[in-house]
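Q: Please construct the entire structure, taking both the sequences and the accompanying hints into account.
In order, the protein sequence lines correspond to chains A and B. Heads up: the first sequence is residues 1 to 479, going by the numbering used here. Heads up: the second sequence is residues 1 to 97, going by the numbering used here.
Don't take each hint at face value.
Stretches of chain A that chain B covers, calculated by requiring three or more beta carbons in the stretch to come under 8 Å of a beta carbon on chain B [what the hints assert, rightly or not]:
| # | segment |
| --- | --- |
| 1 | 12–22 |
| 2 | 37–45 |
Some chain B residues judged to face chain A by a derived CB distance under 8 Å, without partners named [said to hold, decoys possible]:
| # | residue |
| --- | --- |
| 3 | Lys18 |
| 4 | Leu21 |
| 5 | Ser22 |
| 6 | Ser55 |
| 7 | Ser61 |
| 8 | Ile78 |
| 9 | Ala89 |
| 10 | Val91 |
| 11 | Pro93 |
Worth flagging that the hints you see were computed from the coordinates, not collected in a lab. This one's a predicted model, so the numbers in the text were calculated from it and none came from an experiment. Ideal Cβ positions, reconstructed from N, Cα and C, are used throughout, including at glycine.
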Amino acid sequence: MAKQYETVIGLEVHVELATKTKIFCGCSTAFGGAPNTHTCPVCTGMPGSLPVLNKQVVEYAAAVGLATNCTITQNCKFDRKNYFYPDNAQNYQISQLYLPICRDGHVDITLEDGTVKPIRIHEIHMEEDAGKLVHDDWEDVSLVDYNRSGVPLIEIVSEPDMRSAEEVIAYLDKLRLIVQYLGVSDCKLQEGSMRADVNLSVREVGATEFGTRTETKNLNSFSAISRCIENEIARQIDLLEAGEQVVQETRRWDDNKEYSYAMRSKEDAQDYRYFPDPDLVPIHISDEWLERIRSAQPEFKTEKMARYKEEFGLPEYDINIITDSKKLADLFEATTAICNQPKKVSNWIMGEVMRLLKEKEMDAADISFSPENLAKLIQLVEDGAINNSVAKEVFAKVFDEDIDPDKYIEENGLKQVNDEGALKATVEKVIADNPQSVADYKGGKKQAIGFLVGQTMKAMQGKANPGMVNKLLQELLSE
Amino acid sequence: MANVISDETIEYVGILAKLELSEEEKEAAQNDMARMLDHIDKLSELDTTGIEPMSHVFPVSNVMREDVVTNGDDSENILKNAPEEKDSAFVVPKTVD
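A: What follows is the structure, encoded as structure tokens:
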């Protein structure tokens with residue numbers, strides 16, 4: 001009988017924090033500047049320069065720790081991790097080894113079959129990002145841009161508690177939501193603001209010892225992570241089945257080739273020679289400070305879901321989608337607070353908002369229209385000032401340009417015609433012009449009325465009140 | 001000297017520190033390192049029960065700054081530190097993984 005294998009996976013997740021400045025200097029963290037325009041002697045590792053810690057980084061890191069049930073290390077400090085690579089001008093990365101800011105936490109993940117499984121978090125530490133290397137096409141050189149050097153990161157290190165790609169994705173999604181709700185990072189995998197390294201080993205089912213693990217880097221999308229995990233499980237099982245050994249090594253995933261390759265072999269495994277950074281004094285997080293961070297914790301997805309159900313009576317499916325993005329949840333709450341019509345707001349989000357996001361290949365986080373304008377639009381429909389199809393047209397404008405719906409329908413003459421006299425004249429003309437449909441309707445083909453409604457709406461440039469048109473047609477046709 | 005630094009160790013430390021040492025330099029470094037370790041052994045003779053590990057030499061903590069941008073574009077000056085510059089980047093020997 002073939003051997004049965006079990007996969008053991010632990011994750012190191014790097015999250016880029018959404019601070020305005022770098023972790024140890026007052027340089028901007030903004031994306032997209034020309035090379036080295038966001039640099040100074042500190043983040044380019046000039047001798048004699050001194051790092052000064054950004055307070056916001058400590059608060060963000062502790063906030064993530066609290067949200068992931070960690071114990072906060074109230075006396076912590078920074079260490080130097082020594083390595084030589086041109087992306088790091090100091091020849092060391094300032095990180096935390098001995099006293100990481102958070103320890104011993106966990107998050108609960110919900111799997112497809114509904115089971116809830118805790119994934120333990122070993123630690124979360126603060127550190128700095130490195131610069132970016134671009135390889136020159138013409139000469140045998142590399143070009144270094146230190147704009148990213150010193151951008152604050154937290155590294156969330158899990159215990160080896162995951163057993164499948166599904167669990168890994170559920171865990172990452174949970175972290176993404178926590179981090180997004182806290183507002184400590186925009187968490188866009190594609191832009192590298194959240195990246196995962198996968199530590200994976202396989203062992204025979206029932207074995208008590210872990211197998212030899214490999215670490216795969218460079219994973220920046222959920223689908224790449226899934227593919228890489230499946231690929232690495234198969235590679236390791238093949239090795240074991242062939243009687244060979246898995247070599248402990250770091251591998252790099254190439255998503256285009258769907259293949260990973262070894263980066264460093266065991267022979268030159270890194271020896272980082274960590275030691276406390278003498279340039280940075282210890283951090284003391286007092287009880288009061290910690291309490292302030294704790295009291296600023298937002299309502300997270302799970303609590304929000306329960307509240308939406310209780311307070312607004314929305315369907316679970318809708319609640320799940322709306323709370324899956326902080327932006328959508330904020331939009332829902334702000335719009336509802338203005339117009340007090342939670343079901344209508346939810347319907348707009350689930351319908352037109354989701355449709356336009358998909359059509360424009362946008363992320364919910366990129367939504368830029370104001371809740372005020374969506375609330376106005378909902379109120380206009382409610383008041384019968386515009387009908388649903390006009391409302392959708394106007395909403396497309398709100399979505400793109402955040403226009404004021406009141407002004408827009410006024411300026412473009414889109415107000416719904418509710419004047420029975422005006423409608424009746426048009427309906428009578430439509431009846432006169434379409435004797436065939438009228439005959440069909442009278443002959444029992446009730447659906448023929450749909451065509452007549454359509455013709456009336458067309459004659460009124462879409463502005464007629466469809467309910468009134470329907471009622472008028474029925475009245476006039478039964479005469 | 002109680003401690004002896006092996007040839008392998010000095011070789012490894014040299015690799016980590018990116019130093020190329022001549023035979024004489026290696027021998028001198030082996031001697032220096034052995035003396036340093038002897039000194040550490042001497043320190044270990046002290047009874048440190050109940051003493052918190054010192055994380056910094058000064059009794060100072062929480063030196064922090066607010067998250068406010070204070071630095072503008074100083075790339076012109078920063079790039080003067082580059083041995084070679086191209087397209088406003090530091091030029092280094094080709095480095096891949």
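Q: Run every hint past the structure and note whether it holds.
A: Evaluation of the provided hints:
1. 12–22: Contact hint for the segment 12–22 of chain A vs chain B: holds, 3 residues under 8 Å.
2. 37–45: holds (count 6)
3. Lys18: holds, 6 Å
4. Leu21: violated, 17 Å
5. Ser22: violated, 21 Å
6. Ser55: Status holds, d = 5 Å.
7. Ser61: At about 5 Å, which falls below the 8 Å cut-off, the nearest Cβ of chain A leaves the hint on serine 61(B) intact, so it holds.
8. Ile78: With a closest approach of 5 Å, the isoleucine 78(B) hint holds.
9. Ala89: holds, 4 Å
10. Val91: holds, 5 Å
11. Pro93: Holds, because the Cβ-Cβ distance from proline 93(B) to chain A comes to roughly 6 Å (cut-off 8 Å).
The structure is inconsistent with the numbered hints 4 and 5, although it conforms to all the rest.
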